[in-house]
Amino acid sequence: MKEKLKEIAQIANQEIEEVVDLNYLNEIRVKYLGKKGELTAVLRMMGSLSKEERPKIGELVNKLRDEIEEKIEQKEKAFKQKELQDKLEREKIDITLPSKKVIRGSKHPINRVIEEIEDLFVSMGYDVVQGPELETDEYCFERLNLPKGHPARDMQDSFYVSKEYLLRTQTSAVQARTMMNNKEKTPIRIICPGKTYRRDDDATHSHQFGQVEGLVIDKDISFADLKGTLEIFVKKMLGENSKLRFRPSYFPFTEPSYEVDVSCFKCGGKGCNLCKQTGWIEILGSGIVHPNVLKMNGYNPEIYSGFAFGTGLDRLAMFKYGITDIRLLYTNDVRFLKQFDRKDEENEIKY
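To convert, note that position 200 of the sequence shown is 1266 in the working numbering; the numbers rise steadily by one, no gaps.
Watch out, some of these pointers could steer you wrong.
Listed next, the in silico DMTMM-like pairs over lysine to aspartate or glutamate satisfying Cα-Cα at most 20 Å (straight line) [stated by the list, open to error]: (1) 1261 - 1184; (2) 1153 - 1087; (3) 1386 - 1306; (4) 1101 - 1135; (5) 1336 - 1348.
Read the hints as simulated data drawn from the structure, not as lab findings.
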């Protein structure tokens, strides 16, 4: 039995020494230490030995098992170490090479316009007010002098989710909510930027678009206040040389109402394809707040007056940055967005 164990030890040591990979090493482990392995077979033969020999042979078997396990573990550790070294060698990075520049997107042109408008009006003493995009018919239309059945609703009745609720078609609803929430009916000076929704979808219109509206309510507010405010606004957004033209128009919530044109910033008013050879571009709608709107929202039109105006953020961004297709604003293309970054270097980082 001792000779058998010596033979097993000699062959096992030789095979472990000559092993070339982990798979073969596992086969050797099973061959000698498994349930059907060489040492297990020796233990099963111990029944034929005398009582005096059994402890001695058992001790030799356990000692040989420990030796084989230790050598297998050492060999396995050596293989894993070599495998790690090979991996490190394959994945080695030459840190002396120039680093790669990672280009990020820049601030979206609509966000730029919103921030510029907010900064301007906050500096003039206005508050920035937000409201729900899912709006009631009452605030979206009725409190703005647009009762049910009014013909001016036709171009705005859009995405209803029930008879009472719809996606707001204009941020004017925020103006009505602000007037109603002002319990003490004190003067108001606000702008309302946000998303609105209508059934449009072409190169110059979108079913979802940004809008900003302004509202001022106080005593002795006149058209002169509206004109002065819009001149500051337009010159800030489109250039100091911009000129305004007011044309009479109709909006249910203002009276009198005006469409406002700005001198074409591309041709300087001489006439081009952008302004359709007129020298003017329509930019926004405005007017003096209708007495009915003041009454319905709790203000006495004998004491208070006001003005309101509104323009599309998308349209303003297109004019400001020379964008020809409104759909470009929603493609999320980094190449498009990067054009509006003032300093390309600020958009590049190094690892």
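Restraint status (C-alpha distance of residue 1336 to residue 1348 at most 20 Å):
holds, 16 Å
Holds or violated: residue 1386 with residue 1306, Cα cutoff 20 Å?
Given that 20 Å is the threshold and the Cα spacing comes to 13 Å, the pair holds.
Given pair status - residue 1135, residue 1101, alpha carbons within 20 Å:
holds, 14 Å
Verify the proposed pairing of residue 1153 with residue 1087, using a straight-line Cα cut of 20 Å.
Cα-Cα ~16 Å, so holds.
Checking one constraint from the list: CA of residue 1261 to CA of residue 1184, max 20 Å. Satisfied?
holds, 15 Å
Every hint from the earlier list agrees with this structure, and none is contradicted.
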